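The residues making up each chain are set out below.
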Amino acid sequence: MRRPRLLYVPFWATYVFLYTPIVVLVVMSFNSGKSPYSFTGLSLKWYGKLAGNALVREGLVNTLIVAAGSTVLATVLGTLLAVGLARHTRSRVLDTLGVLPAVLPDLVLAIGLLVFYAAVRMTLGLQSVLLAHTVFGMAFVTAVVRTRLTHVDDSLEEASRDLGASPFTTFVRVTLPQLMPGIVAGALLAFTLSVDEFVIAFFTAAPTTPTLPIVIYSMVRFGVTPEINALATLLLAVSFTVVIAAQRMTRLTESLS
Amino acid sequence: MFRARYPRRLPAVTLVAGLALAVSACGGGTTAALPEASPSASAEQLNPNANLSKQSVTISVWPGYTPEDLAARVEEKLRFKLKVATHDTNEIIMGKLTGGADTGIDVAFVSGQYAQALNAAGLLEPIHPELIPNLANLYPEAKELAFDPGNTFSVPYTWGTTGICYRSDLVKTPPTSWNDILSPPEDARKKVTMMTTERWLALPAVKALGMSVNTRNDQDLAKVKEKLVAAKANLLGYDDVTFGDRLKSGEAVMVEAWDGWCPTSEKNIKFVVPKEGSDLWVDTMVVLRSSKNKEAAHAFINFILDPKIHSWAALNILYKVPNKAAMDALPTELKQKNAPLQMSPSQLLAGESIVDLGEDSVKYTRLATEVKAAQ
Amino acid sequence: MTVPAVSGATVNTRSRRSRLAERLVFLGPGLAYLIVLLLIPLATVLSFSLFRRGRFGGVIYEASGDNLVRLADPIYLDIVLGSLRIALVATLVALLLGYPTAYLIARLPRKWKTIALVAIVLPFWTNLLIRVYAWIVLLSGPGLVNSALGKLGLGPFEFLYNQGTVVVGLVYSYLPLMVLPLYAAIERLDPRLAEASANLGARPARTFVSVTLPLTLPGVLTGCMFVFVPSFGNFVIPELLGGGRSIMVGNLIRDQFLTARDWPFGSALTLALLAVLIVLLLLQAWSARRA
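Residue numbers (full-length UniProt numbering), protein chains in the order written: chain A, 1 to 257; chain B, 1 to 375; chain C, 1 to 291.
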């Protein structure tokens, strides 16, 4: 089919638009000068400064705890829920409820949890952010695993049950292995979204336990420093690696299944 | 998951949302109320001989406002653990403290009028002066602050005033009046910033019109609004935190600034208190009533008031501290270089203290919203 | 969790009881979680909007309709409408950029397709705040765009701190969410349909309007929703790129909880935000069904 030439203008514009700022950030992170606006020479000193920044380190640790915890919780709850929704109910209301947090604006969820925590006098801290992140993490796991379930042949499950296996055994030995790619993808999604989540954490974290995005928000507000460039470059490198690895992994699992 | 499959479900989404809202109509009333507690009346008995090493103190403070090695120094001297959390603005910490959820903060650094509001909400422990012998180091003037005469619930950490910080090399005539910010000369248009926190957002117009910074009068505020909206056209933006950097880079040439934040150590940057007068702001330390480490919290405040520690703010971030011994010990050279450090306590008290206006403080919130929403 | 397996004779009672148990095991934990941490919090927001403001945050449990009445105040209405406009413009720009991009990606050879798609998603997986910050470096007064223009003898211009830069920031942040559903929709399109249309003498533009676009409309609507929803309730981008000079409904909500400490009105605004979105989602669902 013919590809109209004119379409290439917005096509390339999109990529230039998406990547110009990123290129700028990466290049400026190796700048030796303090000015974020002019490149004066190569240097790694901002990475050194970043490594010495206790607030960033603390934020990173907090973020990883929250992301790991909420991912585990969201994956278990979301997988069960997805199977339950697909196999044990026909209710469209429940179906919708399961994915609702994924379509809800983050600010609405954040305010909801803020007033709820205040009303029940919850102690704020990492646990309050972890519980909050599980809400939307679970919705994404549920959505991904459900999609996967529609591709899973339920005659295998029936056969297992007919052969006398308990529902538990059937779930663990038959259903779960088939769902694995979906579960892994869902968990990965929940983890990444939690790592990057700002608005909900901003409203539900205690002042003593800022997550990395909260620390970054504070740094960005306090002005342009090359340290942020270094941080951005590192985060980019990690995301890049994870995305590529995930791409490889799904292709691997696809070729296996 | 990016398949276009949400749409088919969306009616159900709304159904559930509606359901949630319906449930709330009956269920909501059972949630616990935030008590409208009375201001600090009943002082808990604190034990002056408590074993502090069994306690630990968490403070929340603006980033960079206390020495970086504060925790280590406190642990060495007082033998308890100090955790330093940070908040960017008064609003953020107020949001957390008044939320009703437990934040785990023992000592918070907030500006005077916010300390007053926290106290009125019953969230503060009265200061126990017997546990803070170093209160004696404060200037007598620092005990007569309008929002808390006698330091009953707050201890001042730094104080200063608000004025105009400018680039002497980039403005034709140095500013002398708030009107220079509100209607800048041609060459400074779009190179001016004003502060975004509501009371300081209002300050230039309030003072230019000769009113009190604590005015509650609706007609006054209507005039203030008119002036601020007119000023907006010439602003680069509203900025509480990065105006110093903007002056240094030349992006801005004249900004509304707190004296301590004006980088007067740079060659061409100067600070002036406009002739119409200005405010007196005080950043204070308060002990939360919910704190379980009140003895250690007081010991921490006492430690800060030690001239050797307290002078850090003046030496390093050029903030005046209300500590006579600390100010007297400052190098003369530093004072000469940075004019704002030369202001005496009595000069400072000539500025009008911003106090909390209680129910009427919403008028300033609305004013700020209206100004920012104006096109 | 285990339900004992039973012999075939009692299948009926077994299945009924064990089915209930299975339902409980699979659906119970997730739904309980959603009820406690999603529905009850939303219900709390609704109930708070009907109470009076506590002087120092929180609420006083006295019923009051004031907050809902206040929503109709022109100043707040203007802000909501202004946010709606900004979010709509951002969505439209994202669509105009995203549709051709998705269209060309879908027509790329398989290998390039994957690379092109990953390249679209990649920025999305890095911190949103840092990406926004990059625009400050580029566009500010002494920023890189101005210094480049300066070399050409132009400027400096004040690009930042207006509604235009807010739109740029929003498009930049959410463009990948537009491209992906569009790609999914276009990819499934049978290219023979367009060929048939061309063979029957339709010009490319005609083919696009009467064949391609209607068939990909659900993807268009989904993409628009994905961009519109996070744009409409945003407060970070207007704050960082708008210089505090223009506020959106998200800023207003945040300010009610932080600055004004007016939780009931903040709750009412949150509900208003939710209501606007629900109406739009309904519209979208309706038009998707018609398409």
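Hints in this document: simulated from the structure, not taken from any laboratory.
Any given hint could be a false lead.
To be verified - Short derived list, chain B residues pointing at chain C, Cβ under 10 Å:
| hint | residue |
| --- | --- |
| 1 | VAL171 |
| 2 | PRO174 |
| 3 | SER177 |
| 4 | THR193 |
| 5 | THR197 |
| 6 | LYS232 |
| 7 | ALA252 |
| 8 | GLN375 |
As the structure is a prediction and not an experimental result, all values here were calculated from the model.
Beta carbons are placed, not taken as given, at the ideal position from N, Cα and C, and that holds for glycine.
Going down the list of hints, with the structure as the test:
1. With a cut of 10 Å, the hint placing VAL171(B) at the interface with chain C is violated, because the nearest CB-to-CB distance is about 16 Å.
2. Annotation: interface hint on PRO174(B) violated; nearest CB of chain C at approximately 22 Å, more than 10 Å.
3. Interface restraint check for SER177(B): the shortest CB-CB distance to chain C comes to about 23 Å, outside 10 Å, so the restraint is violated.
4. At about 8 Å, the closest approach between the beta carbon of THR193(B) and any beta carbon in chain C falls short of 10 Å, and the interface hint on this residue holds.
5. At a threshold of 10 Å, the smallest CB-CB gap from THR197(B) to chain C is about 8 Å, leaving the interface hint in force.
6. For LYS232(B), the interface hint holds, the least distance from its beta-carbon to any beta-carbon of chain C being 7 Å, beneath 10 Å.
7. Residue-level restraint check for ALA252(B) holds (minimum Cβ-Cβ distance to chain C is 8 Å; threshold 10 Å).
8. Evaluation of the GLN375(B) hint against chain C yields a held restraint, the C-beta minimum of about 8 Å falling below 10 Å.
Of the numbered hints given earlier, the model fails hints 1, 2, 3; all others are met.
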